[in-house]
Amino acid sequence: MTNMLSVKIWRGGSEGAFTAYSVPSQDSQTVLDVVTWVQRNADPALTYRFACRVGMCGSCAMTVNGVPRWTCRTHVSKVAKDGALTIAPLTNLPVIKDLACDMEAFFDKWQRADGRFVPSKSRHDAIPAIRPDGSKRVAADEAIECINCAVCYAACDTVTWNVDYLGPAALNRAWTLVNDERDAGQKSRLEAVTADGGCLSCHSHQTCHELCPNQLNPTRSIAGLKRTAASAWWKGDVR
Amino acid sequence: MTALRLYVAQRLTAALMVPMIAVHLVTIIYAINAGLSAEEILSRTRGSVGWGGFYALFVICAAIHGSIGIRTVLQEWTLVRARGADVLSVVFCVTLLILGMRAVVAVVS
Ligand code: SF4
Ligand code: SF4
Ligand code: FES
Numbered sequence: 001m002t003n004m005l006s007v008k009i010w011r012g013g014s015e016g017a018f019t020a021y022s023v024p025s026q027d028s029q030t031v032l033d034v035v036t037w038v039q040r041n042a043d044p045a046l047t048y049r050f051a052c053r054v055g056m057c058g059s060c061a062m063t064v065n066g067v068p069r070w071t072c073r074t075h076v077s078k079v080a081k082d083g084a085l086t087i088a089p090l091t092n093l094p095v096i097k098d099l100a101c102d103m104e105a106f107f108d109k110w111q112r113a114d115g116r117f118v119p120s121k122s123r124h125d126a127i128p129a130i131r132p133d134g135s136k137r138v139a140a141d142e143a144i145e146c147i148n149c150a151v152c153y154a155a156c157d158t159v160t161w162n163v164d165y166l167g168p169a170a171l172n173r174a175w176t177l178v179n180d181e182r183d184a185g186q187k188s189r190l191e192a193v194t195a196d197g198g199c200l201s202c203h204s205h206q207t208c209h210e211l212c213p214n215q216l217n218p219t220r221s222i223a224g225l226k227r228t229a230a231s232a233w234w235k236g237d238v239r
Numbered sequence: 001m002t003a004l005r006l007y008v009a010q011r012l013t014a015a016l017m018v019p020m021i022a023v024h025l026v027t028i029i030y031a032i033n034a035g036l037s038a039e040e041i042l043s044r045t046r047g048s049v050g051w052g053g054f055y056a057l058f059v060i061c062a063a064i065h066g067s068i069g070i071r072t073v074l075q076e077w078t079l080v081r082a083r084g085a086d087v088l089s090v091v092f093c094v095t096l097l098i099l100g101m102r103a104v105v106a107v108v109s
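The listed protein sequences derive, respectively, from chains C and U.
No gaps in the numbering here: position 202 of the first sequence is 202 in my numbering, and each next residue is one more.
No gaps in the numbering here: position 25 of the second sequence is 25 in my numbering, and each next residue is one more.
Simulated from the structure, these hints should not be mistaken for lab results.
One should not assume that every hint holds.
As the list claims (entries may be wrong) - To give an idea of the chain C side of the interface with chain U (calculated C-beta under 8 Å), a few residues:
| hint | residue |
| --- | --- |
| 1 | F107 |
| 2 | W110 |
| 3 | N162 |
| 4 | V163 |
| 5 | T194 |
| 6 | D196 |
| 7 | G198 |
| 8 | A229 |
| 9 | A230 |
| 10 | G236 |
| 11 | V238 |
| 12 | R239 |
In this text, a Cβ means the ideal position worked out from N, Cα and C, and glycines have one as well.
One chain only, chain C, in its complex shape (with noise of 0.2 Å):
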């Protein structure tokens, strides 16, 4: 007889409770898998997002045992205790309905934080060359590779302490641009990121770069902006 993993699931918006489930369990199940079979075969009225199920979109991630992180590449077998699992909604973001978060909050972050490019020539200028190996491209060449999953803004201690704070994703984001040299818009970008609730309120204790499912460090992302905005403030450029 096929092992069966006890799951329970938030269902509901934040007023809500979570209701038991018993799934078959199989081999190289992902929590995905898991919320998927509830879904078609349980109760169809489940709601959640994904949409690449290989780790690229950054849409699935929810709160597994306690933990944010993306369910289409977490195996069951590496987080479930004794056969349970228990699958709730982002935290620090509101929830919607069951597993699904208004992600609002999180991207108009990325908006206030100047997290978009501004160019700084026409399509009639010669495309500037950027070297792979030059000092800016390293520095932001981990930071690129964010698939905008949330789960480090979950996983955030100061997010959830001070609603005004961007956090690791819109303040990783905003680093990438720092460091892009065909970007115009350095100044106000600058003025973005070290105002209230900026990267100088990060407290460096890293649970995004814990927890980040690309091993992506935001952490070190923040503390690079925060030496540029100290250097920019001792030549005078921003105050």
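Once you have looked at the hints, place chain U with the ligands on chain C.
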């Protein structure tokens, strides 16, 4: 950018205090090991511009550094709003300055 100014002030005061704390620790360990009495200590500090200046600067750094930290703690861990945290941390800073300076005056005058 108030946040950036406070950040720089907190880092600069920390950088100043690191060597000062070392000097302070060595001083108290020396005073205890040498068995100096209160009278002997005061005889060295009274009228001393060096000790007075050293500890006055230490008090100023500690008051600035600590109150910036307290402001963050208040904002993150209590229900005090941003303005309230500003006011309370300024009060904390002034209190530390008064208490600290009283102590400095007591040993140098
Ligand atoms: S290091 Fe900074 S961004 Fe990362 S979890 Fe801690 S406070 Fe949040
Ligand atoms: S930094 Fe990592 S955890 Fe944060 S959004 Fe990007 S990929 Fe996800
Ligand atoms: S479904 Fe795309 S990252 Fe998990």
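Taking the hints in turn, this is what the structure says about them:
no., hint, result
1, F107, "violated (23 Å)"
2, W110, "violated (19 Å)"
3, N162, "holds (6 Å)"
4, V163, "violated (11 Å)"
5, T194, "holds (4 Å)"
6, D196, "holds (5 Å)"
7, G198, "holds (7 Å)"
8, A229, "holds (6 Å)"
9, A230, "holds (6 Å)"
10, G236, "violated (12 Å)"
11, V238, "holds (6 Å)"
12, R239, "holds (6 Å)"
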